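Chemist: If you count the sequence shown from 1, position 42 lands on 111 in this note's numbering, and the numbers rise without skipping.
Please note that a few of the clues may not be correct.
Claimed, not checked - Once the Cα atoms are required to be at most 25 Å apart in a straight line, the calculated DSS-like pairs of lysine-lysine come out as:
hint : residue 1 : residue 2
1    : K124      : K101
2    : K114      : K207
3    : K127      : K114
4    : K114      : K184
5    : K185      : K144
6    : K101      : K185
Everything labelled a hint here was simulated from the structure, so no lab data went into it. In this text, all values refer to a predicted model and were calculated from it rather than measured experimentally.
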Amino acid sequence: MTPIIVPDVNVMLIGTTISQYAPSQIIQAWRKNHVEIATSELILKDLRRAFSYPKVIKFTHMNQSEVNTYVELLKSSAMIVAGTTPVNVSPDPDDNKLFSCAIEAAAEYIVSTDKKDVLSVGEFQGIRTIHPTDFVRKLLKKGRRSTT
């Protein structure tokens, strides 16, 4: 069974870079159908905005055409949900969209680098929050071993 995850914007951004990074391994696993990504238009809007920040452009080295291709790939290959279920679980109200998306997608995990506002929640309605490094170590690598 392929786990359904909701990666935060940072995971999706970093996932476009160096392959040793856990977020990159997660995006690669998604491209190989080892995980299913769920997201919403609200999250994708935040992703597009983040890709326009000068420090992100410098980090990812992606031009606008590459950003558009990546976002379109997400839109066509990820599970897109409305993300409008009202929730109030994160200390940062803006992060509630991750939990709303996860509920609607019946996701098992929210994969995030945000220790303060997302990872601190731990679990909500059966959805676990997990750091990308822990997700790769505990789930992706474990899953690969069990299938070989």
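Chemist: Now, for every hint given, state plainly whether the structure supports it.
Modeler: Now the hints, each set against the structure:
Proposed proximity of K124 and K101 is contradicted: the alpha carbons are some 29 Å apart, above 25 Å. For the suggested pair K114 and K207, the alpha carbons sit about 30 Å apart, so the restraint of at most 25 Å is broken. Distance check on the hinted pair: K127 and K114 sit about 20 Å apart at the alpha-carbon level, within 25 Å; holds. With a C-alpha separation of about 22 Å, the suggested pair K114 and K184 falls inside the 25 Å cut-off, and the hint holds.
Between K185 and K144, the direct Cα distance comes to roughly 28 Å. Violation of the 25 Å bound is thereby established for this hinted pair. Of the supplied pair hints, the one linking K101 and K185 is violated, its CA atoms being roughly 31 Å apart against a limit of 25 Å.
The structure fails to meet hints 1, 2, 5 and 6 from the earlier list, while all remaining hints are met.
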